[in-house]
Each structure stands twice: as structure tokens, then as C-alpha cells.
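Residue numbers (the numbering used here), protein chains in the order written: chain A, 3 to 306; chain B, 31 to 118.
FYI, nobody ran anything at the bench for these hints, they're computed from the structure. Possibly wrong hints are sitting among the right ones.
Which residues of chain A face chain B? A few of them, derived with a C-beta cut under 7 Å, are [claimed, not checked]:
(1) GLU99
(2) TYR100
(3) GLU215
(4) GLU219
(5) ALA232
(6) GLY233
(7) ASP290
The C-beta atom is built at its ideal place from N, Cα and C for all residues, glycine as well.
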Amino acid sequence: MISSFFREAVIVKLPNTFSFATMGPFIANAIEAQRESKAKQIYFDFTDLRFVRPEGVVVLSNTIEYFKQANVKVFFKAHNLNTEANRYLDDSGFYTEYLHKKVFPTSSCRSTTMPLQLFQADAYVPYLYNGLMPWISNEVNLSKDTLETIKTCLEEVFHNIEYHSGIKTGCTLSQHFPQQNRICIAISDFGIGIPTRVRTKLPEMTDAGAIREACKEGFTTKSNVLNRGAGLPNLIRYVAQRNSGTVLIHSGEGYLSANRGPKVPSITSRKMSWTYPGTIVQVVLRTDTLEKLESDIEPEEFQW
Amino acid sequence: MVAIRIIDHVKQAIFNLISDSVAHGEPIEVSFSGIQAVPSAFVNAAFLQLLETIPFERVRRSLKITDSTKFINELIKRRFDFVAGSMK
């Protein structure tokens, strides 16, 4: 999977299918190979790649940003093979982001894809308000007002990157799967990660335990007055219970999934065999239940 | 150059506008007219911060929320219930 040539560079092959399930060995191999060789150049070899999931594009971008931060130059190999995976990467803006040009002349962004976007952690608002939400609104044919609660939930993820990641940039991509009635929104940063942040308060906590703790109402590292441990629980509660969607979080060696439960979200967390450099949050929305969220923005008298 | 985001200061501005009145037990109304939903950070900065110096009962008596939605109401109540409960 890994080879090296003339010391200065290592080559890491992408797997046949690049998804949340298969990205682990790729990231682990890439980071380990570069660390061991101290190479200043790394080649991502796309020869075997045939299918990329939306979160795979974000992970790939995140990994490149990780190496850029470590002053390691990333190059691509066999990225011009005319495969479904390479066409999707091209259509989703991945190659334009990193090569500053399209690979295939016929490539263009698919209407069902909100392309790869690198954003400044403290300047996500224009992207969320003027890019992502209008795109979702158009895809599901619902007004922006109806989706206002979803916007605030997604804002919790961006807010976490801004205040907790310790990094200034993140990346995101969204994909609509009309036949499955799903929209997958993947948002990632290559910052310090949730476990490291949680351990500033709970030093003994494992990575999986730390993510679970961060998703509990009231857990906070109190980095400022805005943060009082409500963001992730708010996101999970609303997406799982109101939308019957799913929230997946991977940070360090920890992994958490949240789905609809009888009264409260059903949350499971576990240790992974590899480390994600930073944090990736996937919000999978059910598009066939979004309409009912309109009732949540109806006027209601407030009573303590 | 220092970047100032207006959106960050709106939350704090609301806290600044209401905190004196609430501290003195005077009634004050906050209207959400035209707003359908807010993130938790907004509730934390604008309202939850009051509990650092003012008892929950006084906040409850003074602060009136109007023109709000089911989503906003649930978020405010849940956050106050949790924070006030954990302070007991």
C-alpha cells in the first residue's frame, strides 16, 4: 500500500472504495509513512480508486490540509484516470481546490452536490447562510424558513470548530441522495480534536468516552461565555429525535453515532483502531421528514 | 487587524441591555419578532449568563420572552432548567 522512492517522497494508495469505513487505514498509513520517512513530499495514488463517498472527499481534503500544516507537499498520481471516483472528485471541486483546474473538460458540479468548500473557522456564516442552506432549500423544495431550525443545528458544528478546534480552517461537502431521501453533510477540521479538548477537564478520559462526554448536556470546557455544553447535545437531539436523522462523529480514536431513540437519542460510542487527525461530523438528514419541522417555527407563547 | 463580527456582539448586547433590569427585579421584555430559531450559543450569551450573578427565580419573574417560536421556547427552557438545576 505504501512505497517510497528517493527518500524525499512516499506514495500512499487510495483504497478501491473511499468511505467512512475505509478511510482509517489510508490516513493511518499516510501519516505513519510520512512520519517514519520524514519525507517532505507525499503522493496520493488514485490508481485503484473506483468509488468515493461524500465524506471521503472531506477526509481526503482534511488529510491534505493536515500535511500542508506539517509542511509536507502533497501530489496526486493517476488522478486523471477516467473513473467514476475521479469524475466525482472533479465534479465536487476537489481537484479544482488542489490543482487549481479541472482534470476532465466535461466536469461540472452536480445539482445534488454542494461542492467541497474550505472555510475560515471564524467566517462560516456566509457559507452556511448563503450557500449551504439555499442549496438544501432548493434540493428539498422547502422554504428557507422551514429549514431555519436545521440551520441553527448545523451552526452548532461550525461553532464548535471556531471555538474548540484550535485551528483556523475547516472543510465541508454535502450530497443529496434523492432516491434514499437523505442529505449527507460532512464537516471536518484538522484541529486538536474533541478528546484532547475534553481531557483539559477530564484528563483520564478515553477518546470514545470523551466524545460521549462532549455530547452530554452541560459538559463544557467553558472556553468562553458562549460555550456551556449545549451545542452537540442540541444538534443530536434535534436531528435524531425531530428529523429521525443520524449524527456521526469521529475524532482521535473515538467514534460516536446518534440515532432516534424511544424518548432520547440512542447514542453509541466506541474506540477505533486508528486515529482521525481532528474531527469529522456527519449530519445525515432525512428529507422526507423535513417538512414537519415547520411546526417548530410556529409562534408559541413562552411560559416559564 | 482585529476583526469584529457584529453577530457575536448581538448576543452580548442583549445581555447588556437586560442584565441591569433583571438584577433589580424590574420587568423586561425580549421580543424575537422575525426570528424563528437561534443556536444554543445565543441563549448562553444573551440569557444564561444572567445566572452567574442573579438567582433563577428573579430572572424568571423579570424576563418575559415574546414573539417566539416552539423551537426557541424549548431551547431557552431546557437550558435554564439544566443550568439552574445544576446550580442547586
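Verification of the supplied hints:
1. GLU99: Interface hint status for A:GLU99: violated (24 Å vs cutoff 7 Å).
2. TYR100: violated, 27 Å
3. GLU215: violated, 15 Å
4. GLU219: holds, 6 Å
5. ALA232: holds, 4 Å
6. GLY233: Given a least distance of 5 Å, the restraint on A:GLY233 holds.
7. ASP290: violated, 20 Å
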